[in-house]
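S.K.: If you want the building blocks of each chain, they are given just below.
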Amino acid sequence: DVKVTQSSRYLVKRTGEKVFLECVQDMDHENMFWYRQDPGLGLRLIYFSYDVKMKEKGDIPEGYSVSREKKERFSLILESASTNQTSMYLCASSGETSGSYEQYFGPGTRLTVT
Amino acid sequence: QKEVEQDPGPLSVPEGAIVSLNCTYSNSAFQYFMWYRQYSRKGPELLMYTYSSGNKEDGRFTAQVDKSSKYISLFIRDSQPSDSATYLCAMSARAGRRALTFGSGTRLQVQP
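Chains as they are written, first to last, in the working numbering: chain A, 1 to 114; chain B, 1 to 112.
Hints in this document: simulated from the structure, not taken from any laboratory. Misleading hints may appear alongside valid ones.
[Stated by the list, open to error] Restricting the straight-line Cα-Cα distance to at most 20 Å, the calculated cross-link-like pairs of lysine to any residue (SDA-like) are: (1) Lys-55(A) to Val-24(A); (2) Lys-55(A) to Arg-94(B); (3) Lys-3(A) to Lys-2(B); (4) Lys-2(B) to Asp-38(A); (5) Lys-57(A) to Lys-67(B); (6) Lys-18(A) to Thr-114(A); (7) Lys-70(A) to Asp-26(A); (8) Lys-42(B) to Gly-16(A); (9) Lys-3(A) to Lys-56(B); (10) Lys-2(B) to Ser-28(B); (11) Lys-55(A) to Asp-38(A); (12) Lys-42(B) to Pro-61(A); (13) Lys-2(B) to Pro-39(A); (14) Lys-42(B) to Thr-5(A); (15) Lys-2(B) to Pro-61(A); (16) Lys-56(B) to Ser-40(B); (17) Lys-2(B) to Leu-41(A); (18) Lys-2(B) to Tyr-71(B); (19) Lys-42(B) to Gln-80(B); (20) Lys-42(B) to Gln-6(A).
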């Protein structure tokens with residue numbers, strides 16, 4: 001059974017704190033993604049990675065950075081958390097086999113910045 | 001204007017009804033079309049996938065793609081309370097590496 005896990009389900013942080021969100025997949029997938037989900041806006045791509053140590057900006061990368069030191073792990077970093085980063089954060093992964101399209105999602109981390 | 005438009009609902013129907021969920025899009029390069037279902041407090045999971053135009057049926061679910069109109073639909077027959085969830089359309093110009101572009105999701109409530 002495929003599995004994408006995220007380090008926390010709920011997180012409360014203060015403005016200005018550095019925040020780490022961790023994602024681990026056990027499917028040996030090459031591609032990993034970080035999205036945020038907000039009411040009325042759907043899922044918006046923050047960053048994605050198609051290989052270890054590789055990363056590409058998504059639609060809304062400002063205020064975020066990422067790290068992929070191992071194939072199975074993709075971290076999202078909020079360098080200095082702000083209240084407008086309060087959101088649901090979803091990690092996903094997908095394989096690179098021919099015709100692959102399905103992204104597998106983790107359960108999400110609901111982050112509140114106060 | 002968003003690349004993918006989806007009515008957020010909520011949509012409330014009685015059990016057994018036929019449900020129609022729709023998305024429109026503006027990018028003519030999209031050719032991979034998906035529907036994800038997301039239960040409360042869970043991540044999205046793939047429900048249906050269609051490549052290019054046409055219909056695809058899987059049990060009570062039918063996905064339709066009309067590329068000429070840039071319009072996709074998901075039909076649910078004999079809807080059940082367990083179908084209550086948020087349904088997200090997603091699309092991509094190519095498979096594999098590229099990220100998906102999602103609609104904002106339609107919340108569906110099936111009343112017993």
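S.K.: Hint by hint, which ones does this structure get wrong, listed from lowest number up?
M.R.: 3, 5, 8, 9, 11, 12, 16
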